[in-house]
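**Student:** So you can see what is in the structure, the chains are spelled out below.
2 protein chains.
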Amino acid sequence: MKHIAESTVRRLSLYLRYLEEFEARGLATISSTELAARGRTTSAQVRKDLSFFGSFGKRGLGYSVPELEKRLRRILGLEREWRVVIIGMGKIGAALAYYSGFRQRGFRIVGLYDDDPAKIGRKVDSFTIRAAADLARDAAKQPADIAVITVPAGAAQQATDAAVRAGVRGIMNFAPVQLSVPAPVALRNVNMAMELEGLAFALTNPG
Amino acid sequence: MKHIAESTVRRLSLYLRYLEEFEARGLATISSTELAARGRTTSAQVRKDLSFFGSFGKRGLGYSVPELEKRLRRILGLEREWRVVIIGMGKIGAALAYYSGFRQRGFRIVGLYDDDPAKIGRKVDSFTIRAAADLARDAAKQPADIAVITVPAGAAQQATDAAVRAGVRGIMNFAPVQLSVPAPVALRNVNMAMELEGLAFALTNPG
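Each protein sequence line maps, in turn, to chains P and V. Numbering of the first sequence is given in our numbering, commencing with residue 1 and proceeding in unit increments. Numbering of the second sequence is given in our numbering, commencing with residue 1001 and proceeding in unit increments.
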């Protein structure tokens, strides 16, 4: 398959959400124009995004809402459950542990880790925080797919290396630092300050 | 100015971070090739991104690190302080209130709000949580530039409308819902589940 840009994948996630809305409103079919209008993009963009993944819809009839939903779920890898660990039980990590939006999308948290002896053994939601050193042992029993890294910047690479050694194949990094991961481990970064910088840019350069 | 894509602005934020690293290492000039290598992109991409904003650097000499930093800060709107309020003092909102990365970039939190009587009056960091209804009154004294929305999805549009009425010009939305804002208010969304979906896609469609 061709390389698919992150921005395309993000739009696919949005299309799936719009389709769920359309389905909740009882709509059985949808045109690329309607889907584009919902996402404030163009129907050409919608058709191009979907064309990466084969042919969808019938000319003049639009897309079947449940069928397109199902195919988007398959494309995005949401037809299965993903096992997620969170490493770093500071405020952001603990907040993510309680976040219900993950489970709704098939991301099941299976373990919480921290290196701080004051935190190890404490309960967060239904979990007991475990030592980061236990990650490999826990993974040997039940491997995790994805590690969310919420440790301070200086500890993030070490936490990532430990997660990769424990068999994790995807890293979601909240630490404000560039991590390196071996192929084929996938890495995505969420940088809260950078998101605000995007807003600062928009406010500084209106229109 | 031409419309600048969000992905371009995100790369500018990254270039600024790389330049700060280069400066910390004592480098005075940098080529587009070196900047590109640091960001795992191409020098053509770096030159294109910067060309939106006029001419930079001297052919054969590369960019002056402090000068390019200064110009990126100006372009991104980071030469001033931005006043930020957070609406919604659940776990994510409270975690963001403590996040030191904002202040380091000139985003100063000036108020925390919630509608829950059990939370109003409680302290978070050095702030006392105030009623969402107080936002307009507080803003009349000292306006805020940006509101971070961390209320549940069902309350997000109402919180956004209140922030816009109070004079806020930028909305950073963490609620998993599509908000509508009047022009010229700027809106950005952070959707934690969508970030994980990007990873699920990468793990499902390797290479």
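No lab work stands behind these hints, which were simulated from the structure alone. No residue lacks a Cβ here, since even glycine has one placed at the ideal position from N, Cα and C. A couple of the hints might just be wrong.
27 Å max Cα-Cα, derived DSSO-like pairs, lysine-lysine [what the hints assert, rightly or not]:
{"id": "1", "chain 1": "P", "residue 1": "Lys141", "chain 2": "P", "residue 2": "Lys123"}
{"id": "2", "chain 1": "V", "residue 1": "Lys1123", "chain 2": "P", "residue 2": "Lys91"}
{"id": "3", "chain 1": "V", "residue 1": "Lys1141", "chain 2": "V", "residue 2": "Lys1119"}
{"id": "4", "chain 1": "V", "residue 1": "Lys1091", "chain 2": "V", "residue 2": "Lys1070"}
{"id": "5", "chain 1": "P", "residue 1": "Lys91", "chain 2": "P", "residue 2": "Lys123"}
{"id": "6", "chain 1": "V", "residue 1": "Lys1141", "chain 2": "V", "residue 2": "Lys1123"}
{"id": "7", "chain 1": "P", "residue 1": "Lys123", "chain 2": "V", "residue 2": "Lys1091"}
{"id": "8", "chain 1": "V", "residue 1": "Lys1091", "chain 2": "P", "residue 2": "Lys91"}
{"id": "9", "chain 1": "V", "residue 1": "Lys1048", "chain 2": "V", "residue 2": "Lys1091"}
{"id": "10", "chain 1": "P", "residue 1": "Lys119", "chain 2": "V", "residue 2": "Lys1091"}
{"id": "11", "chain 1": "P", "residue 1": "Lys123", "chain 2": "V", "residue 2": "Lys1141"}
{"id": "12", "chain 1": "P", "residue 1": "Lys119", "chain 2": "V", "residue 2": "Lys1123"}
{"id": "13", "chain 1": "P", "residue 1": "Lys48", "chain 2": "V", "residue 2": "Lys1091"}
{"id": "14", "chain 1": "V", "residue 1": "Lys1091", "chain 2": "V", "residue 2": "Lys1119"}
{"id": "15", "chain 1": "P", "residue 1": "Lys123", "chain 2": "V", "residue 2": "Lys1070"}
{"id": "16", "chain 1": "P", "residue 1": "Lys91", "chain 2": "P", "residue 2": "Lys70"}
{"id": "17", "chain 1": "P", "residue 1": "Lys141", "chain 2": "P", "residue 2": "Lys119"}
{"id": "18", "chain 1": "P", "residue 1": "Lys119", "chain 2": "V", "residue 2": "Lys1119"}
{"id": "19", "chain 1": "V", "residue 1": "Lys1048", "chain 2": "P", "residue 2": "Lys91"}
{"id": "20", "chain 1": "P", "residue 1": "Lys91", "chain 2": "P", "residue 2": "Lys48"}
Looking from chain V toward chain P, a few residues come up when the C-beta cut is under 7 Å (computed) [unchecked claim]:
{"id": "21", "residue": "Ser1013"}
{"id": "22", "residue": "Phe1056"}
{"id": "23", "residue": "Arg1105"}
In silico negatives: residues of chain P with every beta carbon more than 10 Å from chain V [said to hold, decoys possible]:
{"id": "24", "residue": "Ser7"}
{"id": "25", "residue": "Glu67"}
{"id": "26", "residue": "Pro117"}
{"id": "27", "residue": "Thr128"}
{"id": "28", "residue": "Asn191"}
{"id": "29", "residue": "Glu197"}
**Student:** For each hint given before, does the structure comply? Return the numbers of the non-compliant ones in rising order.
**Tutor:** Hints 4, 9, 11, 13, 15, 16, 19, 20, 22, 24, 28 and 29 are the ones this structure does not satisfy, whereas the remaining hints hold.
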